[in-house]
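Each chain is listed here by its residues.
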Amino acid sequence: MRSTAIVLKLKALRARFPDLGWPLPSTVVWQRALGDRWLLVSALGLLFMGWIMVSSASVDVAQARTGDPHYYSIRHGLYVLATLITLVAGSWIPLRLWQRYSPWALVLGVMLLVVVLLVGREINGSVRWIPLGIINLQASEVAKLCLVIYLASYLVRHMNAVRTEFRAFLRPFLLMMGMGLLVILEPDYGALVVMLSALLGMMFMAGVRWYYFVGVVVLAIVGMALIAYAEPYRVARMITFTDPWAEQYGAGYQLTQSLIAFGRGHWFGLGLGNSVQKLFYLPEAHTDFVFAIVAEELGLFGALSMLGLFVLLVARIMLVARRAELRGRLYGAYLCYGIGVIIAVQATINIGVNVGALPTKGLTLPLVSYGGSSLLISGLMLGMVMRVALETDSYQPKAPRTQSSSRHADARTSSRRRVPPAGSEAPLYRQPTRRASRFTHLGDH
Amino acid sequence: MSGHFKPVASWRFYLLLGIMGLVAAGLAGFVVWLNLFEHDFLKQQGDVRTLRVEPITAHRGMITDRNGEVLAISTPVVTLWINPQDFPKTADAVRQLAQAAGLSPVNLAQRLKRYVNHEFMYLRRQMTPDEADAVLALGLPGVHARDEFKRYYPPGEVATHLVGFTNLDDQGQEGLELAYNDYLSGEPGQRRVLKDLKGRIVRQLAVLKPAEPGGDLALSLDMRLQYLAYRELKAAVQQHHADAGSAVILDAKSGEVLAMVNQPAYNPNNRAHMDPESLRNRAMLDLLEPGSTVKPITVAAALMSGEYTPDTIVDTRPGYMRIGGHTVRDVVDHGVLTVTRVITKSSNIGVAKMAMALPEDAVWGLFSQLGMGRATGTGFPGESVGHLPPNTLVDRAVMAYGYGLSVTPLQLAQAYTPLADHGQLHAVSLLRQDKPQSHQVIPPKIAREVLEMMETVTQKGGSGTRARIPGYRVAGKTGTTHKVGSTGQYTSEYRAFFAGIAPVSDPRLIAVVVVDNPRGRQYYGGEVAAPVFSRLMGGALRMLNVPPDNLKTLPQKDLPTGSLPQDVKVAE
Numbered sequence: 001m002r003s004t005a006i007v008l009k010l011k012a013l014r015a016r017f018p019d020l021g022w023p024l025p026s027t028v029v030w031q032r033a034l035g036d037r038w039l040l041v042s043a044l045g046l047l048f049m050g051w052i053m054v055s056s057a058s059v060d061v062a063q064a065r066t067g068d069p070h071y072y073s074i075r076h077g078l079y080v081l082a083t084l085i086t087l088v089a090g091s092w093i094p095l096r097l098w099q100r101y102s103p104w105a106l107v108l109g110v111m112l113l114v115v116v117l118l119v120g121r122e123i124n125g126s127v128r129w130i131p132l133g134i135i136n137l138q139a140s141e142v143a144k145l146c147l148v149i150y151l152a153s154y155l156v157r158h159m160n161a162v163r164t165e166f167r168a169f170l171r172p173f174l175l176m177m178g179m180g181l182l183v184i185l186e187p188d189y190g191a192l193v194v195m196l197s198a199l200l201g202m203m204f205m206a207g208v209r210w211y212y213f214v215g216v217v218v219l220a221i222v223g224m225a226l227i228a229y230a231e232p233y234r235v236a237r238m239i240t241f242t243d244p245w246a247e248q249y250g251a252g253y254q255l256t257q258s259l260i261a262f263g264r265g266h267w268f269g270l271g272l273g274n275s276v277q278k279l280f281y282l283p284e285a286h287t288d289f290v291f292a293i294v295a296e297e298l299g300l301f302g303a304l305s306m307l308g309l310f311v312l313l314v315a316r317i318m319l320v321a322r323r324a325e326l327r328g329r330l331y332g333a334y335l336c337y338g339i340g341v342i343i344a345v346q347a348t349i350n351i352g353v354n355v356g357a358l359p360t361k362g363l364t365l366p367l368v369s370y371g372g373s374s375l376l377i378s379g380l381m382l383g384m385v386m387r388v389a390l391e392t393d394s395y396q397p398k399a400p401r402t403q404s405s406s407r408h409a410d411a412r413t414s415s416r417r418r419v420p421p422a423g424s425e426a427p428l429y430r431q432p433t434r435r436a437s438r439f440t441h442l443g444d445h
Numbered sequence: 001m002s003g004h005f006k007p008v009a010s011w012r013f014y015l016l017l018g019i020m021g022l023v024a025a026g027l028a029g030f031v032v033w034l035n036l037f038e039h040d041f042l043k044q045q046g047d048v049r050t051l052r053v054e055p056i057t058a059h060r061g062m063i064t065d066r067n068g069e070v071l072a073i074s075t076p077v078v079t080l081w082i083n084p085q086d087f088p089k090t091a092d093a094v095r096q097l098a099q100a101a102g103l104s105p106v107n108l109a110q111r112l113k114r115y116v117n118h119e120f121m122y123l124r125r126q127m128t129p130d131e132a133d134a135v136l137a138l139g140l141p142g143v144h145a146r147d148e149f150k151r152y153y154p155p156g157e158v159a160t161h162l163v164g165f166t167n168l169d170d171q172g173q174e175g176l177e178l179a180y181n182d183y184l185s186g187e188p189g190q191r192r193v194l195k196d197l198k199g200r201i202v203r204q205l206a207v208l209k210p211a212e213p214g215g216d217l218a219l220s221l222d223m224r225l226q227y228l229a230y231r232e233l234k235a236a237v238q239q240h241h242a243d244a245g246s247a248v249i250l251d252a253k254s255g256e257v258l259a260m261v262n263q264p265a266y267n268p269n270n271r272a273h274m275d276p277e278s279l280r281n282r283a284m285l286d287l288l289e290p291g292s293t294v295k296p297i298t299v300a301a302a303l304m305s306g307e308y309t310p311d312t313i314v315d316t317r318p319g320y321m322r323i324g325g326h327t328v329r330d331v332v333d334h335g336v337l338t339v340t341r342v343i344t345k346s347s348n349i350g351v352a353k354m355a356m357a358l359p360e361d362a363v364w365g366l367f368s369q370l371g372m373g374r375a376t377g378t379g380f381p382g383e384s385v386g387h388l389p390p391n392t393l394v395d396r397a398v399m400a401y402g403y404g405l406s407v408t409p410l411q412l413a414q415a416y417t418p419l420a421d422h423g424q425l426h427a428v429s430l431l432r433q434d435k436p437q438s439h440q441v442i443p444p445k446i447a448r449e450v451l452e453m454m455e456t457v458t459q460k461g462g463s464g465t466r467a468r469i470p471g472y473r474v475a476g477k478t479g480t481t482h483k484v485g486s487t488g489q490y491t492s493e494y495r496a497f498f499a500g501i502a503p504v505s506d507p508r509l510i511a512v513v514v515v516d517n518p519r520g521r522q523y524y525g526g527e528v529a530a531p532v533f534s535r536l537m538g539g540a541l542r543m544l545n546v547p548p549d550n551l552k553t554l555p556q557k558d559l560p561t562g563s564l565p566q567d568v569k570v571a572e
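Heads up: the sequence lines are chains A and B, in that order.
Under the UniProt record's numbering, the first residue of the first sequence carries the number 1, and numbering increases by one thereafter.
Under the UniProt record's numbering, the first residue of the second sequence carries the number 1, and numbering increases by one thereafter.
For reference, chain A alone in the conformation it holds in the complex (with noise of 0.2 Å):
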């Protein structure tokens, strides 16, 4: 009786659902909940590869430190899950919530940054947890996503004034001046660096004037160099980095001992786990360093696959932020214009410490490092973009669309609308004919 009734009942889901697969679901009932097939392959893709990278870089690290080898392991692919569930769940908060208390996501930030300067943990001479019991949240991880929370929302609201009036552009760089000396004092240039990138690039994105933008990435450079020239340790590190040999053994060993990893690597590795700087030589490799291990292990090969599947993720996001601005979906477009520089500046910047293009900073590779509070906030920003390409493939224009784009509907009525969550009875998602049609808009407008 029980099983009849449950064949029927599969039957009935399989009638509803003509593409389902079976037994397994087929991606497109990913895409039914979460939103981008190949985001979520390659974010999937980055964290099983980063769990694999840091079990194999910390296992000796952890036996030294906490004498169980699988410590950070276990840790880590806890937080894996959590990040998993955190994407899911991302993926189901409406944008407009989001967007309504944008503001409160802001003081949040800021308040995170103040209250990690009083009660946070210094860890290498850098103030950035605070400890919450199980985990240390790291402060400025919060801030940045706020931040953008924030931003996009502002760029919504002030579009115009933004294009057209040089003080309503040159608001959130105040804003971001503030922020910017609260992390400063921690310090964590790293992610000065992150949320500066990630301001500019949806400023420029939302179409402030080219040379308002010039001007202010010439500042930008400018200050920043003047920072780094205040504090004399950041210019041992920034002249270090040029010529790590040099200093081998003193403010040049990290990078060295990173270089030498790459270079053992050569075409495919030495194998997985059998690594040689993890054994103490590399220090961080589980969390800064860990591509360094990549390459180690994995050789040209691994590297270039990490390196591919970001910029695979990347790609999909700033797709998914183009697409929302030309459904007209601004707020989804800014917020996933920041999450994208965001993860790409931050890898960039890692990556490019890890090969000594860049000077050493503490920042961890997105999805891949050993780090609670980085994953889980990574998991959340790929839920908020899967929630984007959710909302702009079942938000219907009203009118249809035509060349003129000023018929699209404003993005804050049409962020009011309702949207149903996902997996409803309602045809929430209108699978595209062809793949093609999904951009055919990114032409000019």
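Warning: the hint list may mix true and false statements.
[Claimed, not checked] These stretches of chain B come out as covered by chain A in the derived footprint (C-beta under 8 Å, 3 or more residues):
#1 6-19
#2 22-30
[Said to hold, decoys possible] Listed next, the in silico SDA-like pairs over lysine to any residue satisfying Cα-Cα at most 20 Å (straight line):
#3 K198(B) <-> Q248(A)
#4 K89(B) <-> R65(A)
#5 K195(B) <-> G271(A)
#6 K43(B) <-> R65(A)
#7 K361(A) <-> F30(B)
#8 K253(B) <-> R224(B)
#9 K43(B) <-> H266(A)
#10 K43(B) <-> T164(A)
#11 K89(B) <-> H118(B)
#12 K6(B) <-> F169(A)
#13 K150(B) <-> R224(B)
#14 K6(B) <-> H158(A)
#15 K198(B) <-> H158(A)
#16 K43(B) <-> A246(A)
#17 K460(B) <-> R535(B)
#18 K198(B) <-> A64(A)
#19 K6(B) <-> T164(A)
#20 K43(B) <-> F301(A)
#21 K150(B) <-> D216(B)
#22 K198(B) <-> G250(A)
#23 K198(B) <-> F301(A)
#24 K6(B) <-> G250(A)
[Said to hold, decoys possible] Pairwise CB distance ranges (calculated):
#25 L36(B) <-> Y249(A): 38 to 48 Å
#26 L36(B) <-> E247(A): 37 to 47 Å
#27 D47(B) <-> M224(A): 30 to 40 Å
#28 G178(A) <-> A91(B): 40 to 50 Å
By construction, these hints were calculated from the structure, which means they are not laboratory data.
We treat Cβ as the ideally placed atom computed from N, Cα and C, and that holds for glycine.
Please build the complex by placing chain B on the supplied structure of chain A, with the hints as guidance.
Frame of chain A, contents of chain B only:
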């Protein structure tokens, strides 16, 4: 704010994508450059930091007696060392470590302070692996282990003078451990290993040169005889309150040293309280005037000259004799003696007269041929060569009864080998030998005659009756000499000798016993050394299953009823 939404121009989007793509390509370029083009340089840099060539300790060879019983053996031990740079500078860590390693915390803290700028300090050497594991289990940083070997000497002080010992670094310091150090220690090998930053070996990559273990050394010693000799000599030295003593047993057929003991001795396994006096292998290092024990050799030289036979008459009256300013004395006036009786009574005047009557080279030449004043060729470190006096008339006369020359106890035993084995001199050997090195120095007939003369020493009326062994015929010679003091003058201290051969019918063993400065009422060789010889030789003959050749002297109750000499011979 306005309904006039306009997406930004797509060049911005493509510019952003383009910049990102360029950055990604740049990073990819860096990775390719490092992984492929800098590969050789970086790999070499990495190897410089991580690859080390480590020695492989070669196992030191074993030293055994002739039957394979172990005299010296190496066992693995662990030496712990510290890199003071890495070791935590907390009092707690020092206390923990000191407790686990069994050291004084105060002392360890002081040492750590002294070596604070160094990168190496021994924590404790040569611990048993179990002890070392307990320390390593603490997991304190900077504490490292090194495998070494420790030498153990199962017989302890019984064979130590001959075997010697090694130092903490497993290098021979004394005795045969020193003499055969190169042979025993072998060649340490080399291996290439991968080390982590803490200096621990992660992987062995290659053995560059395998360690060649040292060779095993089989000595000529027979530990059964060695233990026996040790026991008897030690007892005698204690009984007579003597300063020192030596005993040597030779195989009469080959010259191999079957036993060699000295008193005082030391325990090579624990040399913490070693007295330097006990260190010497006196049987090979100490030069002594052999006294009367060389008289049989003088007699052999006389017989070889053809001018004497065992029955030739020698007048020793009146018991003293002046030769150039020097007076030769006998203990009592022995009167007119045959050559045999000269030996029996141990008459100094008798042998002196014979020596003077012989051609000038006869005595000196035979002494020299028998190895006195010559190296024995054993290669033992510090072995004494001995000394023969210039070949003048007086010296010849004095030498005839054992003064004016110096020999080691081993040389004396070697000089007896022709008397025991048909005139064949066997070069002594400390190693087990398959083929003795020997040559004829005395005609077999004369050797036999001298041996039979020496037998009278242990017979009734002889000076060495206490050397008798029930069941065996024993030939020997007593000796008692004044010791030379530090001023070069003879003192009132004595040295008691007995040198003997048994069994006379077919000699198997030669033994020399020397007791130095017996302080009791007895000091004659016949009183002090002869009883030791008797017990030593008797025990040795029985242990070697040498058939008795003199059943008359056995107590009757010891004989199985109706037993005959033939039965005993069958039993061999």
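Worksheet item: Any of the earlier hints contradicted here, and which numbers?
Response: 6, 10, 13, 15, 23, 24, 25 and 26
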